[in-house]
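Trainee: Protein chains in written order, with this note's numbering: chain A, 71 to 686; chain B, 128 to 428; chain C, 180 to 679.
FYI, nobody ran anything at the bench for these hints, they're computed from the structure. In this text, a Cβ means the ideal position worked out from N, Cα and C, and glycines have one as well. Errors might be hidden in some of the hints.
Computed beta-carbon distance windows for the label pairs [claimed, not checked]:
#1 P386(C) x V674(A): 11 to 21 Å
#2 F553(C) x W653(A): 30 to 40 Å
#3 D129(B) x L632(A): 47 to 57 Å
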Amino acid sequence: MNIIHITLGILLGGAILTYFANKISGVVRDLMFISTIVVAAALFFIKMTPDTVAVFNLGGITLSLGMNHLGLLFSIIILGLAVLAGFYSLPYMKGKDNLGFFYMNYLLSIFGMMGIVMSKDLVSFFIFWEIMTWSSYLIVVYNGNKANKIGIKYILFSALGAYSMLMAIVMVYSQLHSFSIADLSAGFTTMPASYQITIALLLITGFAVKAAMMPLHVWAPDAYSNAPMSYTAMFSGALSKMGVYGLVIVFVTMVSHLPQNFWVRETIAWLGAITAGMATIYAIFQDDAKKLLAYSSVAQLGYIITGVAIGTEISMIAALMLSIVHGMFKANFFMVVGAVERQAGTTDLTVLTGLIRKMPWTFFSALMSAIALAGIPPLVGYVGKWMLYESLISNGNYILVIVIFFASTAGFLYVFKILYSIFLGQEEPEFENVKEAPALMVIPMVIIALLLGFFGAFPGYLLKYIDNALVVMGYPVSQGKWWEMTTLFNAWGNKVSTDLIMYTTITVFVTIAIVLFYRWKNGRYVSTKDISLSGEMPKEDENYSFKLDFYKPFERAISPLLRYKISKYYNEFADGMEAFFDWTRRIYNGNAQTYAIYVITFLVILLLIANNIFTV
Amino acid sequence: MDFLIKTLGAIATIIVAFIVGMLYMGINRKITARVQNRVGPPVWQNYIDALKLVSKKTSVHHGVMQHLAPAFLMISSMGTLLFIPILRGQSWFPNLSYHGDLIFILYFMVLGSLGMALGAGQTGNPNAAIGITRGLSQMVGFEIPWVMALVAMMIQYHTTSISDLMAIQQQHGWLMFQNPLAFLAAILAMLGMFRYSPFDIVGAPAELASGPISEFGGKYLGLMMSSGSIFAFTKLTLYVDLFMGGASNIVVLLIETFTLYLIPMLYGLVSPRYRTEQAIRYFWGWPTVLGLAALVYSVVI
Amino acid sequence: MVGSPVQLIAIPLFAAFLIPLLGKAWKELVRITPGVVILYLLYLSVDLLNYTIEHGRVVEVIAGWTPPWGIDLVFSPFSGFLATLMLFMGLLVWIYSYRYQTFEDYDDYEPTLKYYLLLMMMITASVGVVLTGDIFNLFVFIEILGITAYGLTAYYRHRDGAEASFKYLFIGSLSSTFLLLAIMIIYSQLGTLNMADIAVKAHELKPVYKITALVLFLVAFGIEAEMFPLNGWAPDAYSQAPAPVGAAFAGIVVKAGLYTVIRLIYTLFEVGGTYEYLIVMGLITMFFAEFAAFSQTKLKRMLAYSSIGQMGLVLVAFGIGKEEGVYAALFLMFNHAIIKSLLFMSGSYLVYKSKNKYISELNGVGKMMPVTSFLFALGAFAIVGFPPFAGFWSKLAVLTAAADSGMLLIIALILSISLIEVIYYLRVVNRIYFVKRDTDLGITKPTPQAMFSMLVLGAIILIVGFYPDVITGVLHKASATLLDKGSYINDVLSLSQTIN
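Turn these sequences into a full structure, and let the hints guide you.
Mentor: Given below as structure tokens:
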């Protein structure tokens, strides 16, 4: 009985108890839910030491769980977000149906994720992976909206990934007669080359689905936007990182041993970059905040995949840094949209307008997340991006840099679009009575927003954990070489001082702000209807906000790229398969004579060819 | 003491940038007028304008984001200025130039635009929002050749530091001759960066009533003008540092920056405005090809 | 050891005669007696299974005629495991059927009597099939099994049931014919009907006879085992029979059919190519059945096709051979019996009031029948192999076995079929829980008995899922027994030497 049993036990037990607590009363359920997360997280961070091990024997298979620094890094993302999003969830989900069911699956998916990062062997990895998958699936379809379309798409791709993984797992077993991950990394080189490459590719496929890599990403936008936002914060922030976690392991322990001529790294890095580019473009043209953020998540994961695939020291640091930071700002962004959805009743960007004065704290969180997302200094978002560029340039992937840079710059477009459409623009009577979200929702958001700033000045606090994690994976210590507490270095020794950047920014900002606030009384606030518009004054009920066809010129400029939509090919494939299935169904035409003919024909054929297939 | 000197140096840098930037704007106005067969305002007209705007008694705003927009703008213009070397090989105005590199600068320069965009967005003026979407779209356009040019130089000399690049140019000669393709791509990108005609689609006086800034008046407009002129000087200095080896003293710096400044200005005088998608496609045409060629060139070298 | 294997056959046969008489005394006894009998048999069987696992197989001769002349019953860990599984499922089906409401619509006494008699005899016949060591005796049990199954399929006296029953009868009689032909060939050539004896003497057969007999056997047993393309009868029978009978078909009858194929290939004839034949036919069966299941609009038909598909997978697992393969196959059979029965049981209550049993009529039923829906969803999750439910471990076992033999293509095929399975099962679960109710069909609460047996099955799914070791020990023993052909022959034939 050690901390691993305890953490997993609390999460699993808490999930089941929460479900039954729902039968007693809503308050008990909420308390059960939040205390499960908080207690599990607190105990975990207090008690957990690397090298803790727990072993189970099930069905003749040894399942071993343990913890190392890589797992610890991802546990921080998972449990940190779980606590914040958990508190956020209480007011957000209030009054919805089936909350016991929702919270149970919420906890189960955390249970699954924690299990994944603790798994020391492939079978328990797979078990927890599937628990995570189906519990998240149940949340994706939870609100019943197009369950059979969105949900099935999600589960189909997830199952595709999971089964690729399973195939790889049994292939490993057939070669090494062990499921242990340690044995796998030790014995990988002893396998035949064909097995090596197949196993690596299958595992990559499995993880790439969760990390939403093109062309396996088509489930993501719908699934992200369809789940309740308090879960999507986890979904996009932490759950997708499990794919990254897997990719890190695969690339470090396997792909690095593959012969160079398979181009695995290059292919995946390029797929990641293309994912980033295309998803960004699609994000720009979304008119629903959830969808926009969903595509944006896919795009951001693209950068991370590229970083992992390149696999140099600094690109790994960059990828892990981006993972953490993406977890923070994207969770925050989804929470913002959730808050807006709850308070204003819609997430349609063409309807929402002018909420900044109604929801100032929400706007503040959104602004900070947006700056971090766009990778603009001084917030922490740029640390990871900076490192990614440096790694790509010093590694010789010049065209890749351009693609990523394009995606990143185009990212400004949707960042502005979402901020502008929700919070800025003309204030409308329709949203006059909108209030700021409840404190329990605002506080987690503001905490993340402030953390984004803090880590922007002192990225070393995060890089320390990343360093530990990479040392476990066999990389040399990076502190001092690639970063100090407040300084980043690239391969050629050039540096960026994050603290000075932060101080400069604050100094300039505060100075000018003082200038602006000087003689504040002279300033006069006027409503957004009081604008200069060719001498016209919009009436109260007229909305002059610019909403529709937001980036039409940009759309026209890149129209050739938009012509290819991967989901079209998938749909055609699915239709074809369905038609084929329906055709095979007709073999069973319900006619007894036909069946008898089948039997006789089969007998005759078998008799005819028996001598060829059976050897006496 | 050291800190005090540095602070004073930074302030001096900013003042110089402000004065020079404003002067260039004034000259621009004058030359434009002459080309259009007008007399035009005197070159110091901009100083007067700025003074007048800042000293206006009342200022109208639509909310806190608009109120703070000039502050955001200043972060980019002043901040960036502090992180790039003004003069080569001298202890004058070193500021923070050893604490940031090119990629950082590239991103830092955007913060102001974002703040400005949000401020303009809050005004509720549709023209402002339209102008901003155009501006952002155009930025995606010109950033591509610009980054290509920068990456080409980075890989040619294995550094991302501006000071290092300047030092290297001391030995090998100006980069505009070492990698002319990169220079050309960067110059074409600069046309977009300065937003003069034919790329003045953001402000587009005729159709958008000057776009983003249409709701800004009084001290807001004054600060934005100042920021704009500082930023113009910042960008010009960056180009000089990167392609002309930096200037050894302030006079050379002025000559070099002004020469560069003439390029977008004169190109603008003879070109009618593009539509947004034309502008983007323009940048993804020859400038990008040049950028790619620069990349190839520097890999081969 | 409390009893001998003979009792497993003799007691229910005797009870079958008694039941009508008991019914004259008190009508309820007609319902109760089969249950009591099956419960006792289960106790007996479990006890025997424990004994055999420790002491090896029990061979029992009937009427004192020793093999190879007399009829023998072989209770080995393998056959005993199957017999125990069948009896256990039989007990649950009996509990489920107890006062199943549709039966009460026929208020008269006779249909009830028929139902319970037939059900008991069907279970007995299935047990007989797996236990018998004599090939003609096997034929007899298969006939009993068939006749009871035809009767139960047509239990509702309506057109569709009669048609389904007729198809079953038609194809089933083809099976009997071929089987009899094959037995004739064997007997004419070898002069023996005892399986062990045949196995010993099989090499004396001329190739042409051997091959012909093999093919006839394969087709005859293939019909029972629902192998493609011989399984046309199955979907109709499954879906037209009363719900508990559907569960019994999936949990009991088809296992007996599979057993015959396995006994034929593993013990009776040692012919090259049969394992490959199993794999290929298994895959084809699986593919066509799952494709068909994917496009079904009626719940029970979907479950029926899915059941066939699972049987295909079991065949593949047996075809892999070796201990891992057999172990995986037995594990699959166990899981399939538990899970598919649960699906049939809960599924029929979900569409109880519906006339056509369309899947679309399930929309939103989860709110109205929470427990039943939950059990159905649990079954669906388990059968597609999501951990931590029972189905996962058997799927893992199959894949590991296949990987051990280097059959990567087969793994890929199995997994891609699983994808289809995932889709069509979760489509149904989605409808139950996440789609709004759009019909005004009422619901019928399951009887407490039915709920009890479903809950037992659900509990087993969870227990095996979280702790598979409860079952794996027996499975390993059973699979080792099946592969040890020499000891089977020895155990059976040595009886004659010791007695004589």
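Trainee: Now look at each hint and say whether the structure bears it out.
Mentor: Now for the hints, and whether the structure bears them out:
A hinted range of 11 to 21 Å holds for the C-beta pair P386(C) and V674(A), which are about 19 Å apart. Between F553(C) and W653(A) the C-beta distance comes to about 35 Å, which sits within the given range of 30 to 40 Å. Judged by the Cβ atoms, the range 47 to 57 Å given for D129(B) and L632(A) holds: they are separated by roughly 55 Å.
In the structure shown, no violation is registered for any of the earlier numbered hints.
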